[in-house]
Amino acid sequence: MKVLVAVKRVVDANVKVRVAADNRGVDLTNVKMAMNPFCEIAVEEAVRLKEKGVATEILVVAVGPKEAQEQIRTALALGADRGILVEAADAQPLAIAKILKAIVDQEKPGLVITGKQSIDGDNNQVGQMLAALTGMGQGTFASEVNVADGKVKVTREIDGGLQTVELKLPALVSTDLRLNEPRYASLPNIMKAKKKPLDIKAPADFGVDVAPRVKTVKVEAPAARKAGIKVKTVEELVAKLKNEAKVIQ
Amino acid sequence: MTDTTQIIAGLTSLVDPGRVLTDADSLKHYGCDWTKKYEIKPLAIVLPKTVEQVQAIVRFANEHKLGLVPSGGRTGLSAAAVATNDEVVVAFDLMNKVLDFNPTDRTARCQAGVVTEQLQQFAEDKGLYYPVDFASAGSSQLGGNISTNAGGIKVIRYGMTRDWVAGLKVVTGKGDVLDLNADLIKNATGYDFRHLFIGAEGTLGFIVEATMKLARAPKNLTVMVLGVPEFRAIMQVLNAFQSKIDLTAFEFFSEKAVQLVTAHHNVPRPFDTATPYYALLEFEAVSDSVMDEAMALFEACVENGWASDGVISQSESQAAALWRLREGISETLAPFIPYKNDISVVVSKVPDFLEDIDAIVGSQYPDFEIVWFGHIGDGNLHLNILKPQSLAKEEFFKRCETVNTQVFETVQKYNGSVSAEHGVGLTKKPYLHYTRSAAEIAYMKAVKQAFDPNNVMNPGKVFDL
Ligand SMILES: Cc1cc2nc3c(=O)[nH]c(=O)nc-3n(C[C@H](O)[C@H](O)[C@H](O)COP(=O)(O)OP(=O)(O)OC[C@H]3O[C@@H](n4cnc5c(N)ncnc54)[C@H](O)[C@@H]3O)c2cc1C
Ligand SMILES: Cc1cc2nc3c(=O)[nH]c(=O)nc-3n(C[C@H](O)[C@H](O)[C@H](O)COP(=O)(O)OP(=O)(O)OC[C@H]3O[C@@H](n4cnc5c(N)ncnc54)[C@H](O)[C@@H]3O)c2cc1C
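Protein chains in written order, with this note's numbering: chain R, 1 to 249; chain E, 250 to 714.
Be careful, since some hints might not be right.
Unchecked claim - In the DSBU-like style, the derived pairs of lysine-lysine whose C-alpha atoms are separated by at most 35 angstroms in a straight line are: (1) R/K226 to E/K346; (2) E/K298 to R/K232; (3) E/K277 to R/K32; (4) R/K240 to E/K285; (5) R/K230 to E/K290; (6) E/K346 to R/K230; (7) R/K230 to E/K418; (8) E/K493 to R/K195; (9) E/K298 to R/K16; (10) E/K346 to R/K232; (11) E/K505 to R/K192; (12) E/K346 to R/K16; (13) E/K290 to R/K192; (14) R/K108 to R/K151; (15) R/K66 to E/K298; (16) E/K277 to R/K240; (17) E/K462 to R/K16; (18) E/K468 to R/K66; (19) E/K505 to R/K52; (20) R/K194 to E/K493; (21) E/K468 to R/K201; (22) R/K192 to E/K493; (23) R/K16 to E/K314; (24) R/K226 to E/K468; (25) E/K468 to R/K194; (26) E/K285 to R/K232; (27) R/K230 to E/K285.
What the hints assert, rightly or not - Label-pair distances were calculated between CB atoms; the ranges are: (28) R/T29 to E/P637: 53 to 59 angstroms; (29) R/T29 to E/L714: 55 to 61 angstroms; (30) R/K218 to E/A569: 29 to 35 angstroms; (31) R/K66 to E/L343: 50 to 56 angstroms; (32) E/H444 to R/A20: 57 to 63 angstroms; (33) R/G160 to E/E580: 33 to 39 angstroms; (34) E/N515 to R/K108: 38 to 44 angstroms; (35) R/I229 to E/K694: 47 to 53 angstroms; (36) E/Q613 to R/K52: 49 to 55 angstroms; (37) E/N515 to R/A223: 29 to 35 angstroms; (38) R/N14 to E/I434: 30 to 36 angstroms.
Rather than coming from a laboratory, the hints here were simulated on the basis of the structure. All C-beta atoms, glycine included, are put in the ideal place defined by N, C-alpha and C.
Based on the sequences and whatever the hints tell you, model everything.
Here it is as structure tokens:
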């Protein structure tokens, strides 16, 4: 079975982002970029499926700037077999989903794995849109994935518990945090990955118009936390919690 | 000595209200550092807020023949910030402000009680970097760092605390306030007393302010962890990388350390296959050519048999996770009540030296389990001996004392140091002569006499008068 994994290049999760001076986004100059953490989990899951003999080929696809080759190379080092970069900076979720649909139509994977969301836009849309566009069943927020007999059983993290769904293949799974713990890219594998095929394409190759459909009106930093105060007695604390914070009655 | 109540009343008149503490909890809390091995007996704790108050305390101590113990974050590992003999502990918690920032000089003028991490954060907010870093940076204070000339994990590139002190304000044991070096880069006007106070462990006077230099922020710090099959190969790896890349860190640890850390913390192994040793390297991956160089060096290490496997961080979170393998060691070992040594030799002698020590401990104490780790790029090794479950704590430490003598004789043979970065305090006082000659120690005492004639400053630490 072929597995397609979508990966995105985003600001490193450890970076403290700053709002850009024009309030139209965040300042990305000299900021460390990395693979979206949920995509790392998606790659890891695909690699485990391959190690189990369930997957036979892993194709990674990134829609992003040309530097997103770095993230594809990382995925190749982790165990993916080949990569496709569709060069389009700042593509929005719908455009990304349309591009992925075109690739799914060409490649006919048995399973598509995406992160549940990317930590830059926090949109949580690409997986769902792609499932809708392709007509595949979707198992989102996966914390466990089992493939057998032409079906995939997905345990989903939902409010207040877990839900298990069974989907016919081909299907789409989006990963949640607890699905697995991604491994490090080993140096010998990074070197081998340099020889793995990586195709570079343009949105036009798939007939997709990536012009933005959603306009960002304004980006603002969250309000700074107010300074704390010291109370002298427990009574004073209780009074403040009751009357000012109104968190107890 | 005047009677205790009078002393306390006197001290109380020197500082802000409520800043002299004598309750049992405070005495215990402020009375000792990380060693927790000595019986604590402070007379009182004083928390000054200004330079003038510190000066008044020193003058008062001279008048009444009191011992003063300077106290920073009390993360010291040599029992230097420990009061065992009715001393007054002077703690700097209230002098914790960054007073001034000068972007042109790239310096920050700080009170002695500024916490190391606070300065790191301050620098980061200014787009700069304070490079002295170690696992206790969240608690240790600049006054303590300077007084122990603290090192840590970035020494290979950035040097020791000493290298980051542009100027100091001190109150000498005599009670004089001195401004040392006035933050100048060039100042050829005789003795530079700044360097006497750095590493003095509070025996000459109090550091009340320090102007610290800041560096430009490093770019894209990237971490590699390599599996190394034998100890000597670690030095080959170090040589290979250092000749081509400016490393910002080079640490090593043993498989035993990895087993303990991964079992106690939620940290994954770097890779599945266990190797006897690991080297952690950090560098600024500023360009593809640096990355290519690093990959080529790794390949060369593998070809030479110096490394068997390796990983590299692909994000800052991964870099941080790999660092935890090293930074988690001290904390993980603590419950085993390890016997610790912090020793150093010149880098080129590390392999022979370590082999000698291993042979001593291995042949004479085969029941002891050893965990090696350290800042090996600086020739600094942390030897940790774990207490066997079956052995009582007292018995264990007694047997370790005899290990000590042999270890330190070996240190002496290699012209090394019995304390690389933790200081002498009480724990290394009996062993000072393995590193310093009798003549040198006599000069140290003469220096102490000049700054602190009545021996009020941290009496009984480093050497006995
Ligand atoms: C988990 C852990 C990891 C560590 N790792 C490292 C490491 O990698 N490298 C390293 O070098 N150290 C390390 N240490 C040791 C310790 O953290 C450092 O030596 C640190 O610099 C001590 O600072 P402190 O403020 O806690 O000093 P304290 O322990 O409070 O005092 C240390 C000495 O400084 C004196 N002093 C304190 N403040 C003043 C002042 N204002 N004026 C004059 N004298 C003063 C004290 O009297 C004492 O002699 C580690 C400690 C721990 C617990
Ligand atoms: C054209 C010119 C350009 C210069 N440019 C610079 C410059 O850019 N930067 C700079 O720093 N200086 C500069 N200098 C000054 C001078 O060259 C330096 O200070 C140099 O370090 C002095 O070295 P010296 O061996 O000539 O010392 P000397 O002049 O012989 O002695 C200097 C001091 O050192 C003492 N001394 C000498 N040898 C010993 C010893 N073995 N043990 C103990 N004490 C000793 C002497 O007693 C004296 O106090 C310059 C001088 C000239 C003439």
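Results for each hint:
no.	hint	result
1	R/K226 to E/K346	holds (20 angstroms)
2	E/K298 to R/K232	holds (22 angstroms)
3	E/K277 to R/K32	violated (45 angstroms)
4	R/K240 to E/K285	violated (40 angstroms)
5	R/K230 to E/K290	holds (32 angstroms)
6	E/K346 to R/K230	holds (19 angstroms)
7	R/K230 to E/K418	holds (32 angstroms)
8	E/K493 to R/K195	holds (25 angstroms)
9	E/K298 to R/K16	holds (34 angstroms)
10	E/K346 to R/K232	holds (24 angstroms)
11	E/K505 to R/K192	holds (30 angstroms)
12	E/K346 to R/K16	holds (24 angstroms)
13	E/K290 to R/K192	violated (63 angstroms)
14	R/K108 to R/K151	holds (16 angstroms)
15	R/K66 to E/K298	violated (56 angstroms)
16	E/K277 to R/K240	holds (33 angstroms)
17	E/K462 to R/K16	holds (24 angstroms)
18	E/K468 to R/K66	holds (21 angstroms)
19	E/K505 to R/K52	holds (31 angstroms)
20	R/K194 to E/K493	holds (22 angstroms)
21	E/K468 to R/K201	holds (31 angstroms)
22	R/K192 to E/K493	holds (23 angstroms)
23	R/K16 to E/K314	violated (52 angstroms)
24	R/K226 to E/K468	holds (32 angstroms)
25	E/K468 to R/K194	holds (24 angstroms)
26	E/K285 to R/K232	holds (32 angstroms)
27	R/K230 to E/K285	holds (31 angstroms)
28	R/T29 to E/P637: 53 to 59 angstroms	holds (56 angstroms)
29	R/T29 to E/L714: 55 to 61 angstroms	holds (58 angstroms)
30	R/K218 to E/A569: 29 to 35 angstroms	holds (32 angstroms)
31	R/K66 to E/L343: 50 to 56 angstroms	holds (54 angstroms)
32	E/H444 to R/A20: 57 to 63 angstroms	violated (45 angstroms)
33	R/G160 to E/E580: 33 to 39 angstroms	holds (36 angstroms)
34	E/N515 to R/K108: 38 to 44 angstroms	holds (39 angstroms)
35	R/I229 to E/K694: 47 to 53 angstroms	holds (51 angstroms)
36	E/Q613 to R/K52: 49 to 55 angstroms	holds (50 angstroms)
37	E/N515 to R/A223: 29 to 35 angstroms	holds (33 angstroms)
38	R/N14 to E/I434: 30 to 36 angstroms	holds (34 angstroms)
Consistency with the previously given hints fails for numbers 3, 4, 13, 15, 23, 32, ordered from lowest to highest.
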